[in-house]
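There are 2 protein chains.
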Amino acid sequence: MGGDRAPDEIVDGVCRAARSLDCTMLLVGDEAALRAILSRHDAPRNIDVVHAAERVAMGENPVAAVRRGAATSMGKVIDLVRDGSAEAAFSAGNSGAFLALATIRLRPLPGVARAAFATAWPARHGPMLLLDAGANVDCKPEWIEQFAIMGSAYSRAVLGVADPKVGLLSIGEEEGKGNALVDASTPLLARAPIRFIGNVEGGDLLLGGVDVVVCDGFVGNVALKLAEGTGEYMFDALRRATTASLGARIGAMFLRRSLRELRARMDYREYGGAPLLGVRGVCLVGHGRTDARAVESACAAALRAVKQDLVATIGRAIASDPRPEAPA
Amino acid sequence: MGGDRAPDEIVDGVCRAARSLDCTMLLVGDEAALRAILSRHDAPRNIDVVHAAERVAMGENPVAAVRRGAATSMGKVIDLVRDGSAEAAFSAGNSGAFLALATIRLRPLPGVARAAFATAWPARHGPMLLLDAGANVDCKPEWIEQFAIMGSAYSRAVLGVADPKVGLLSIGEEEGKGNALVDASTPLLARAPIRFIGNVEGGDLLLGGVDVVVCDGFVGNVALKLAEGTGEYMFDALRRATTASLGARIGAMFLRRSLRELRARMDYREYGGAPLLGVRGVCLVGHGRTDARAVESACAAALRAVKQDLVATIGRAIASDPRPEAPA
Numbered sequence: 006m007g008g009d010r011a012p013d014e015i016v017d018g019v020c021r022a023a024r025s026l027d028c029t030m031l032l033v034g035d036e037a038a039l040r041a042i043l044s045r046h047d048a049p050r051n052i053d054v055v056h057a058a059e060r061v062a063m064g065e066n067p068v069a070a071v072r073r074g075a076a077t078s079m080g081k082v083i084d085l086v087r088d089g090s091a092e093a094a095f096s097a098g099n100s101g102a103f104l105a106l107a108t109i110r111l112r113p114l115p116g117v118a119r120a121a122f123a124t125a126w127p128a129r130h131g132p133m134l135l136l137d138a139g140a141n142v143d144c145k146p147e148w149i150e151q152f153a154i155m156g157s158a159y160s161r162a163v164l165g166v167a168d169p170k171v172g173l174l175s176i177g178e179e180e181g182k183g184n185a186l187v188d189a190s191t192p193l194l195a196r197a198p199i200r201f202i203g204n205v206e207g208g209d210l211l212l213g214g215v216d217v218v219v220c221d222g223f224v225g226n227v228a229l230k231l232a233e234g235t236g237e238y239m240f241d242a243l244r245r246a247t248t249a250s251l252g253a254r255i256g257a258m259f260l261r262r263s264l265r266e267l268r269a270r271m272d273y274r275e276y277g278g279a280p281l282l283g284v285r286g287v288c289l290v291g292h293g294r295t296d297a298r299a300v301e302s303a304c305a306a307a308l309r310a311v312k313q314d315l316v317a318t319i320g321r322a323i324a325s326d327p328r329p330e331a332p333a
Numbered sequence: 006m007g008g009d010r011a012p013d014e015i016v017d018g019v020c021r022a023a024r025s026l027d028c029t030m031l032l033v034g035d036e037a038a039l040r041a042i043l044s045r046h047d048a049p050r051n052i053d054v055v056h057a058a059e060r061v062a063m064g065e066n067p068v069a070a071v072r073r074g075a076a077t078s079m080g081k082v083i084d085l086v087r088d089g090s091a092e093a094a095f096s097a098g099n100s101g102a103f104l105a106l107a108t109i110r111l112r113p114l115p116g117v118a119r120a121a122f123a124t125a126w127p128a129r130h131g132p133m134l135l136l137d138a139g140a141n142v143d144c145k146p147e148w149i150e151q152f153a154i155m156g157s158a159y160s161r162a163v164l165g166v167a168d169p170k171v172g173l174l175s176i177g178e179e180e181g182k183g184n185a186l187v188d189a190s191t192p193l194l195a196r197a198p199i200r201f202i203g204n205v206e207g208g209d210l211l212l213g214g215v216d217v218v219v220c221d222g223f224v225g226n227v228a229l230k231l232a233e234g235t236g237e238y239m240f241d242a243l244r245r246a247t248t249a250s251l252g253a254r255i256g257a258m259f260l261r262r263s264l265r266e267l268r269a270r271m272d273y274r275e276y277g278g279a280p281l282l283g284v285r286g287v288c289l290v291g292h293g294r295t296d297a298r299a300v301e302s303a304c305a306a307a308l309r310a311v312k313q314d315l316v317a318t319i320g321r322a323i324a325s326d327p328r329p330e331a332p333a
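Taken in sequence, the protein lines are chains L and G. Be aware that the first sequence starts at 6, since it is given in this note's numbering, and climbs by one per residue. Be aware that the second sequence starts at 6, since it is given in this note's numbering, and climbs by one per residue.
Isolated chain L, as found in the complex:
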């Protein structure tokens, strides 16, 4: 029931996912409304509806959402995972509420100080995973180290990167070029059970050949929204450039397919959902603008995470980290 285009686009995406993926989809929300939409979609049989009378509003305070618990569709989705009735949760709704519900009702994995949102970007060399993308604004170095461990596990299990290279986002490649958090995180990353390649810069996020980049959730969220905004800005400028003259319009006709492919390649929907790493369950949140295509991608990513046993893998990776974790 969450996201700008819910429930229609969500239901549409779930129908697509049910057709293409070998799993059962549980649609959680207002049962009558959902069944009405499903009936219009010639829905496949591997979709069940789970009723939840309430919904978390987009701007709702996460504390209020937690208080309402499983009465809301979002709380119910989390509880289905907690109770073993579902193996993964996806929501395109209020991500702050989702974070709070998942953290409180699923609990973090043993030893995990903070769960983090990760986002996959279509970098030049392949998928680049950035985390934290906004769950924790002010971070401790130990959390950054755990983000690196969890991100490596996700990159390997879900994005298919065999031996992910991990970079620390900073403002120069040399050690010592960074802020206090970067300075304190570097030695922890250097001896963590990951392939740490040192500092990377903002320009490396799309161009640098790095597979996982860690930073605090403030910097990560600014970066995510800036990259989206820059893409939108450029497509907008390109649209104006391709309609500026008759010649340009003719050129654009020839280019239509190439430009459409370019746009698709840069599309957030290809990666569908941002995983919340570090909790006891596979959890993904979608962009507020999530449409059917994005839902389908997110469900595919969730299924890969389940099949690769992501949560247990992250649990083992955190447990194998030699450093005794300070209490969160």
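There's no promise every hint is true.
Since copy identity is lost for identical chains, a pair holds within one copy or between any two.
[What the hints assert, rightly or not] Straight-line C-alpha distance at most 20 Å; calculated PhoX-like pairs for lysine-lysine:
#1 Lys230 x Lys182
#2 Lys312 x Lys170
#3 Lys145 x Lys182
What the hints contain is simulated information worked out from the structure, not anything from laboratory work. Values in this document were obtained by computation on a predicted structure and should not be read as measured data.
Following the hints, put chain G in place on chain L, whose structure we already have.
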């Protein structure tokens, strides 16, 4: 003598600036080398050469550069401003060394806690000034407030924005959505002598209609390099899209001029230099890749800053700020 393409492109740019601007240009560096290049350029008469035997290397430690003082071309440029022999300084060299030299040899303006690098971006609505772009990685709220005051003055004097709207870079528009620095900076910005519009997000930097955006130098530098990298990534993808098929190549031929204009619009060289705000002199640094066009733009910006009496304006704005400044 600084930057990847020095001294040829720098000299070329200075020749262009000398022809288009009503001022005298002082070229500082190896006199014989500079005169040899000038002679190939049919140099206009309003260029003088000032000899400096040494040069600051790109990777050189700023402390070492400060120790060498006016023996280097960069140190000499700063001293020319300090001694009143020049009214503005520009360098495309080592920006850390430039910051150190300018801060130590020119000194900050009275009441200014920290000088900051500002960069102008070609946002959808016009020039957007982001600061700090990398001079100070870990910042205090009082510094953020001063960045806003100094950035407003530059936006007005040099970028021609009548009443600049100032935003605080954060991860949500509502107050309280940010990190500890954002929370502590908000009340200071709210009563500073500027037009503060509240929080802006990463996506607003190019799309948001905001004229000045303040943040710490770590976030600002990540953002600057990410925006540059995203632009490069998109042009690269566009180049591949426009050569992917015969049809696409034909289309691209028709579009060549529009695409060239688009590229020019997004070009860092249009704004040429990043001003260092808060020191007792007009100072700009160029991108390492600075070419003749960028040098010309930077010189034009420097001349506008001088004519608008930017330094005194910033000094007055800082002095008018009701808050007694804590010692830096």
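Here is how each hint holds up against the structure:
In this assembly of identical chains, Lys230 and Lys182 lie within 20 Å of each other by CA distance solely across copies; the values are 15 Å between and 24 Å within a copy. In this assembly of identical chains, Lys312 and Lys170 lie within 20 Å of each other by CA distance neither inside one copy nor across copies; the values are 23 Å within and 50 Å between. Proximity of Lys145 and Lys182 under a CA criterion of 20 Å is satisfied in both settings, with 18 Å inside one chain copy and 19 Å between copies.
Going through the hint list in order, the structure does not satisfy hint 2, though it satisfies all others.
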